[in-house]
Structure formats: structure tokens, C-alpha cells
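If you read the sequences in order, they're chains A and B.
Start counting at 1 in the first sequence, then tack on 2, and there's your number in my numbering.
Start counting at 1 in the second sequence, then tack on 55, and there's your number in my numbering.
Don't take each hint at face value.
What the hints assert, rightly or not - Subject to a maximum C-alpha distance of 20 Å in a straight line, what follows is the list of computed SDA-like cross-link-like pairs (lysine to any residue):
#1 A:K413 with A:S370
#2 A:K27 with B:Y481
#3 B:K57 with A:L69
#4 B:K376 with A:V142
#5 B:K274 with A:Q395
Said to hold, decoys possible - With beta-carbon atoms standing in for the labels, derived distance ranges:
#6 A:Q133 with B:K362: 36 to 44 Å
#7 B:Q66 with A:Q133: 44 to 52 Å
#8 B:P272 with A:P313: 40 to 48 Å
#9 A:N411 with B:E443: 50 to 58 Å
#10 B:K263 with A:S13: 45 to 53 Å
#11 A:G183 with B:D78: 49 to 57 Å
#12 A:K103 with B:D184: 25 to 33 Å
#13 B:A81 with A:S13: 47 to 55 Å
#14 B:T171 with A:S138: 43 to 51 Å
#15 A:G300 with B:E443: 54 to 62 Å
Calculated directly from the structure, the hints in this document are not laboratory data.
Yeah, the Cβ is synthetic: ideal placement off N, Cα and C, and Gly gets one too.
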Amino acid sequence: MIAELSKALNSLEIAADWSGLRVVKEASTYRSVRDGLPQRNGKSTTQGVMVEVMVNGQIGYGATNSLQPANLQAAAEVAYQQALAASRWAIYPLTPAVRPKVTGQYSSPFVKPVDALSPQEINDLLMRICQTLKVSDRIVQTTATAITNEIESWFVSSNGSEVYQKFLMLETGYSATAQDGAIVQQRSNNGHLANCYQGGWELFVSPDLWSQVQQIGEQAVELLTAEECPTTVTDLVLAPDQMMLQIHESVGHPLELDRILGDERNYAGGSFVKPTDFGQLSYGSELMNITFNPTVPGEFASYSFDDIGAPATREYLIKAGTLLRGLGSLESQARIGKPGVACARASSWNRPPIDRMANLNLEPGTDSFEDLIRDIEQGVYMEANRSWSIDDQRYKFQFGCEYAKQIENGKLTKTLRNPNYRATTPEFWHRLVRVGNESTWQMYGTPYCGKGEPNQAIRVGHGSPTCVFAGVEVFGGGA
Amino acid sequence: MKLIAIDGLEQTFDRIAAALLSDLQADEQLRLTLMGEQSQFIRFNTAKVRQAGCIGDGTLSLSLMQGQRNSYRSIPFTGDWETDWPLAQTALTELRQEVPQLPVDPYLVLPQGNATSREIHQGQILAPDTVVETLLPQVQGLDFTGIYAGGSLVRAYADSAGQKHWFATDTFSLDYSLFTADGQAVKGTFAGNQWDEAAYIAKLEGSKHQLERMAQPPKSIPRGQYRTYLAPAATADLVSMFSWGAVSEAALQRGGSALGLLQRGEKQLSPAFTLTENFQRGLVPRFNEWGEIAPLELPLIVEGRFKNTLISSRTAKEYGKTANGAAGGEYLRSPEVTPGTLAAEQILTTLDTGLYLSNLHYLNWSDRPTGRITGMTRYACFWVERGELVAPIENLRFDESLYRFLGDNLINLTEFQEFIPEVDTYENRSLGGIWVPGLLVEQFTYTL
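Make the full structure from the sequences, and use the hints.
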């Protein structure tokens with residue numbers, strides 16, 4: 003394919019300063035069961051090519067789902083015309099340096115391929131999960147979902163880039179909803195579709211699957227009679243499946259250089275972070291170490307090259323609490339004059355690459371889970387995100403979780419329902435007082451990170467240990 | 056731009072549908088849906104171009120039913136028979152292999168009826184290579200940021216029962232913000248299917264006038280409860296939450312609806328609040344993914360009481376209800392909130408002292424069973440005293456139940472509605488929008 007694409011690129015009749023082709027082919031199977039009955043079975047395939055053309059320092063794009071030579075030529079001509087028409091109004095004069103020559107390959111690790119389980123076997127598995135979740139008549143809904151994604155991408159450019167990457171991804175989730183009159187509680191495995199990884203079926207059908215499913219069903223029922231989360235200011239302990247969301251919303255998005263440059267102000271928003279903050283802003287406590295790391299085997303957004311060919315490397319964005327680097331592509335780095343990472347990513351062939359998160363992780367500390375809890379006199383421990391909202395500068399946030407435990411005198415005691423907390427970003431991260439060690443570190447992901455104009459939903463991964471934040475405002479549900 | 060054979064899509068779709076449907080066995084049923092678009096996207100920042108391009112895309116979905124079992128394949132659709140037909144044949148072959156392996160689905164919606172429709176809304180929108188030169192000269196000197204999206208959209212349907220629908224439209228939308236030097240902003244949308252230069256300039260003038268009001272330091276408002284006016288765009292955001300686990304019959308049946316309390320009669324909404332699905336304006340297709348035609352009007356909440364929920368054919372089968380043309384997801388497709396009696400010129404004086412909110416941001420249920428929604432104020436939001444705009448505000452977080460702001464605390468709705476276009480472009484460009492008035496409410500709760 004690479005050779006064919008290079009040949010196709012060379013045959014385009016375009017007077018461009020630089021041009022590139024990015025072909026993406028994606029096949030996704032989606033299987034879901036509710037209350038033991040099939041809801042959705044099927045497979046979606048999309049393929050197409052994004053032609054990028056640089057003219058007078060402006061990149062234009064044309065994208066088509068036909069790989070026929072005539073369509074490629076038409077896409078190139080459209081891209082050229084768009085670049086030319088826009089070049090007089092370009093926000094920044096780009097050079098081919100933002101599309102460096104690169105060659106290489108990447109392939110996701112996996113053990114059991116997508117066809118290791120037949121459609122029937124997958125449905126049987128999902129139906130059994132639903133049956134196991136229904137631990138009580140008060141369970142009014144059970145769901146189980148498994149999604150596989152096989153993605154191949156090819157990138158060639160007029161300055162000699164040749165990149166091939168092949169991804170295998172698995173997204174799974176199950177949930178139970180319990181109801182007693184007006185009280186409704188839902189519990190899932192780590193939040194909605196949070197178990198997203200690169201790999202095969204070995205990731206889902208694990209030895210402890212059935213005990214986890216049973217526990218989710220039981221906890222949904224348990225929440226019906228649990229006390230409301232109290233309204234108070236207290237120590238807050240967040241499990242990795244909530245830290246995922248916390249990192250994503252209050253660290254990842256505000257550090258995106260395109261937000262800081264203003265590109266996103268009409269949609270997702272800007273950032274409280276200023277260009278002058280890099281290298282000096284105290285973002286959080288000294289325990290806060292955040293890495294951009296697309297090199298973690300099996301994490302959801304691992305890759306070797308971003309969608310414009312920049313080689314992906316592990317980089318500290320925040321070290322010992324100090325902001326060092328932003329989430330910005332070569333284009334954004336050129337515009338802002340600050341260091342970034344290989345994060346120019348597109349949701350598919352039909353969208354242009356923009357600054358995105360990939361894997362964004364909080365590095366582990368030194369404390370075991372028991373150590374974290376032992377020294378807390380009064381606090382709340384929360385698991386699994388269920389509600390999320392943050393302002394357009396990524397400053398004032400409010401997040402809610404599915405399940406919580408009261409912490410009293412160093413022990414987890416009674417279960418709490420409808421746990422929520424709210425804070426402002428830098429103040430919250432400065433309240434980080436304990437960071438769990440490797441034994442508490444878990445990674446999750448989501449396929450639903452939305453951003454960009456035109457809009458793009460993209461896959462991101464987040465790993466984190468359990469963390470303790472001192473003196474946070476928590477509260478419960480109800481009108 | 057010719058990135059997809061947009062003019063040939065219908066002919067190729069018809070030909071493939073006919074070929075596939077004629078190939079079915081006696082015990083097989085098939086449903087075909089098509090999405091096609093040829094779109095231009097130009098992204099702006101500081102009245103300059105950040106990114107510019109065009110895309111051509113199409114997706115054909117085949118859903119095969121046999122023995123109460125069902126699976127689908129979605130494949131690329133280019134409009135070129137030679138390219139598309141082999142993919143469609145392969146998809147049908149794969150489905151025939153997979154479907155017998157799947158469990159029986161007792162609530163499978165089978166094709167039935169003979170509904171047909173064909174709607175083509177031709178537009179006069181800007182030529183792709185003229186958009187930048189048309190838009191940007193008018194905003195020089197302004198910090199103008201946003202996106203222009205325009206082009207042709209197609210939605211189509213055919214099935215083995217004989218139903219067939221075609222909907223094609225040319226549309227554009229300009230979704231923009233204007234910023235002051237210190238980051239205060241106003242929001243605007245300009246959309247339609249006929250480009251009107253004078254209307255564009257007038258829209259910008261309105262935004263510029265609004266921006267002038269933002270040219271003073273924002274006022275910090277302590278958390279608390281304030282009398283609040285929510286302009287139509289802000290109301291639209293709140294009403295959009297009704298699509299996410301609220302008016303859905305399935306959600307109500309399974310404990311996932313914020314309107315369970317209303318349905319059970321444990322809470323009431325204000326008699327001033329009426330919500331309707333209204334397809335009269337023809338902005339979106341009336342047919343759903345099963346080819347069913349929605350009624351031109353379907354009242355959902357009338358004077359604060361549930362009149363209808365959105366009931367899909369699948370939900371109807373499962374719970375013994377009567378379907379009303381809803382989509383499978385039972386979300387709002389063409390909503391309208393009935394206006395009230397508050398005149399535009401009386402908004403500030405009736406608000407008296409409190410908050411004037413033009414837009415909201417990032418809404419989510421904070422406690423769905425009790426109808427509690429959290430979100431942020433955004434863009435042109437003001438503190439008002441004795442009927443006068445005093446100053447823009449620093450953004451506030453709200454956390455409030457719909458049973459309060461659409462219940463006892465709803466004072467009035469404006470006598471006018473505005474059309475808030477749907478400008479989402481996830482996967483493909485959206486169609487339609489919502490017609491809403493503004494809301495004046497008492498004791499709206501701000502928490503951060």
C-alpha cells in the first residue's frame with residue numbers, strides 16, 4: 003500500500019510546496035446486550051484519504067472515501083484551491099518543517115485476535131454478564147457491550163515520509179441499574195466504557211471477570227440503601243477510574259496548545275494557562291508528575307507517530323508540580339514558540355489533525371492503598387465517574403461518581419451514594435497530598451474525547467494511581 | 056468541489072437497493088440507510104484562517120433480518136456503482152453468514168408499511184473558493200473565531216417492505232465568537248440554505264453591539280440563588296438535556312429518565328412549559344432509521360404535564376405501547392418550546408435584579424433521577440440591577456433541578472422564539488435545530 007500511495011502522490015498534478023496523503027481504514031464491530039437480549043450486532047467499515055497540500059504557507063485539505071486516481075486528483079485540487087484561497091488570510095505561515103520526513107511502523111500488541119471469538123460466543127458472553135449482574139429483582143436494567151476496532155493508517159508525503167501503523171483495540175463495559183421507587187442507582191465497571199485498551203480478547207475474558215460482574219450487580223443494589231454523600235469539606239480519595247476523568251479534564255485539555263492559541267475558543271474553549279506559564283507555573287503539589295506517554299504497551303492511545311508523522315516519545319508535561327510542556331503539535335509549537343509533543347491527531351481520514359491528548363498519565367508515588375487511607379481521620383473515597391462538567395477555561399469543575407465509601411479513623415466504613423465534588427483546577431491539584439504507588443496504578447481510556455471544528459471524537463488513555471486530596475468540597479444528590 | 060458524486064448518489068442508491076432487495080430469500084428482510092455529504096469546513100481564529108478544506112463522504116448501512124435475528128454492515132458509499140456494488144454484495148454475504156449465529160431478538164423491528172417520500176431542498180450557498188473572501192473582510196479589526204460549514208447533505212432509506220425515502224438539502228452554518236482584548240466574548244450563529252450578504256452583515260452588527268457591552272471588567276458574583284433570565288440559546292442547551300434520558304419512553308421504563316418524577320406525578324412542571332416535536336418546517340427528515348414517518352406535530356409536555364413520551368417501535372414492542380415515529384434513541388429531532396408572554400423590551404425590567412445569561416456551557420446531569428443539571432455560564436452574561444445591565448460577570452457554575460426552573464420557579468417565557476441551529480459536526484454535519492423562547496426564572500442556584 004505504501005508504495006502504491008507514494009506512486010499516487012507523485013502522480014498528482016499539483017504545484018504545492020508540500021503535499022501528503024493519509025489513508026485510514028477502520029473496521030469496528032459493535033455487540034451489545036441489554037437484560038440478556040441482543041440490542042446491536044454489526045460491523046462498520048470506513049476508509050478514505052486525506053490529501054493535505056501546502057501553498058504559500060497555508061495547508062488546505064481535501065478528503066474523499068474513494069481511493070480511485072481521479073478522486074485523489076480531485077481531492078488534491080480541492081486542497082490546493084482551499085490553501086490558495088486561505089493563504090492571504092493565514093493565521094501563521096507554515097513551512098514543510100511542520101511535516102518532517104519520517105519512516106516507520108507501529109503495531110498494537112495482542113494475544114487473541116478479533117476473530118478469536120465468534121459473534122455467537124461474544125453474544126453468549128454478554129448475555130451471561132447480564133444474567134450475573136441481575137443479583138436482585140431490584141435490578142431493573144443490565145447492559146453489556148464489547149467493541150473491537152481494527153485500524154490501519156498509511157502516511158506518505160512529498161518529502162519522503164512513509165509511515166504504516168496498525169491498531170487493534172478493545173472497548174468493553176457492563177452496568178447494572180437498581181431502582182427502589184424514586185431511588186435509582188447505576189453501577190458499572192469503572193464508569194461508562196472506561197475499559198478501553200489496545201489488545202485483543204485476552205483483555206476482557208480475564209480470570210476475575212465473573213467476580214467483578216457479580217460485585218457490580220451487588221453494589222448497584224447496595225447503593226439503594228446507602229446514605230447520601232454528606233455536604234462537607236473533607237479529605238477526598240479518588241480511585242484511578244475517577245482520576246482518569248480528573249486528569250483528562252483539568253490537566254489534559256488546559257494544556258492543549260491550540261486552546262492556549264485560541265483555536266478552540268468558539269467550541270471547547272480556551273485555557274487558564276498562558277504561554278508564559280511554561281517552565282514556571284506551579285500547577286499542583288510537588289507530588290504531581292504528569293507524562294504524555296504514547297509508548298505504554300496496551301494503553302488505549304499508544305502509537306509511534308502522530309498523524310503528521312512526528313515521532314512519539316514520553317515527555318513530562320508537569321514535573322514535581324511545575325508546568326514544563328504543553329500538548330501541542332509541530333504546528334502549534336511553531337506558532338507559540340514553546341515545547342510540545344507528538345499529538346497532531348485526527349479522528350479519521352475525513353478530519354484534519356489537531357492538538358489532542360493521547361495517553362496522559364499521572365506517575366505513581368510511594369504509598370500503598372492502605373497507607374493512603376490509614377492516616378485519614380475523616381474523608382470520602384470515590385470510584386467511577388458518572389457526571390462531568392468544567393468551564394471553558396478548564397478552571398471551575400464539578401464531577402460526580404457512582405460509588406463512595408466514608409473514611410473514618412483510617413478505615414473505609416459505610417457506603418455513600420451520589421458522591422460529587424467541586425473545585426478549581428490549580429487549587430485542587432495543590433491539595434494533592436498523597437499519591438499511591440505502582441500497586442494502585444491502573445489505566446483506562448475513553449473513545450469519546452470531543453473537540454475541534456469540525457468536531458472530532460478521539461480515543462485517549464489515562465493511567466493513574468489512587469490519590470488523596472486534602473480539604474475538598476463534597477456533596478450528595480437530590481433537588 | 057467534487058469529492059463525492061453527490062448528484063449521482065440517488066441513482067446509485069436506487070440501483071443498489073433494487074439489486075439487493077431482489078436478491079433476498081423468502082425468509083430474509085433488508086433495510087438500507089444512506090448518509091452522504093459534501094462539506095466545506097473553514098476554521099477561523101483572530102479573523103484569520105486556521106484550517107480550510109473540503110470532504111466528501113458517504114456511508115451505506117445494510118441491516119439483514121432473518122428468523123427474528125439481525126445484524127448490520129456499514130460500508131463506504133461513493134456513488135460510483137463499480138466501486139459500491141462489490142462492497143454491498145460482500146456485506147450481504149457476510150450478514151448471511153453472521154445472522155444465524157446470533158440470538159433471537161424478540162423486539163426486532165421488521166420493515167413494514169409503504170411510506171415513501173422525496174424531499175430536495177436546493178440552496179444558494181457560497182462557492183467554496185469564495186467563502187474566505189466573503190466572510191473575513193467584514194470582521195477585520197475584530198477577534199473573530201469560529202467555523203463555517205457548508206455543502207450538500209443526503210439521508211436516504213429503502214427496505215424490503217417497499218418503504219423508500221430520499222432527503223437532500225444544501226445548507227451552511229457560521230458558528231462564531233467575538234472576543235474583547237481581556238477575553239470576554241459574545242456568540243453568534245448564522246445558518247440557512249440561502250446565503251444573504253445583508254443578513255450576514257446585520258448579524259455581525261448585532262454581535263458587535265453586544266460586544267461593546269462586554270468592554271468593562273467582569274463582576275465577580277458570589278455563589279447563591281439569583282433571579283435569572285436565560286436567553287433562547289441558553290434555554291436551548293437546557294432543553295437539549297431532554298434528549299439524554301428524559302422524554303425517552305425506554306429511559307422512563309428502565310429508571311434512566313430525569314422525568315420519572317413527573318411521570319409518576321411526584322413532581323410537576325409549570326403550566327407555562329410546553330414542549331413539542333414539530334416537523335412542520337422541514338429542516339430535518341421526518342423518517343427515522345426504520346423508515347417510519349413521524350407525525351408533523353407531537354406534543355410531549357403540554358402545560359407542564361406529560362402528553363406523550365417518545366416511543367420507538369422497538370420500545371413499543373417491548374412495553375406494549377404504541378409507537379409514535381420516534382428514532383431508536385428516542386431523542387428530540389425537531390423540538391420547539393412554546394413561547395410565553397414576556398416581551399423583549401420587558402426582559403430587563405421584569406428581571407429587575409439578577410443575572411442575564413446569553414449562553415451556557417458543558418451541561419451534564421449531576422443527579423439525573425431528581426432532574427438536577429450542572430453547567431457553566433458562558434459568553435455574554437451580565438449582572439442586572441433595577442432593570443439595567445451593570446457589568447459582564449465572571450463565569451459561574453450552576454447546579455439546579457429542572458423541577459425548580461421549569462416548575463414553581465419559572466416566572467415566564469418570552470413571547471418570541473429564536474431558531475438555534477444544530478451545528479454539531481461529529482462524524483457528519485447535523486441538520487435542523489430547536490425553536491425556543493427565553494426563560495425568566497426565580498432562585499436559580501449557582502454553586503461555584
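What hint numbers does the structure not satisfy? none
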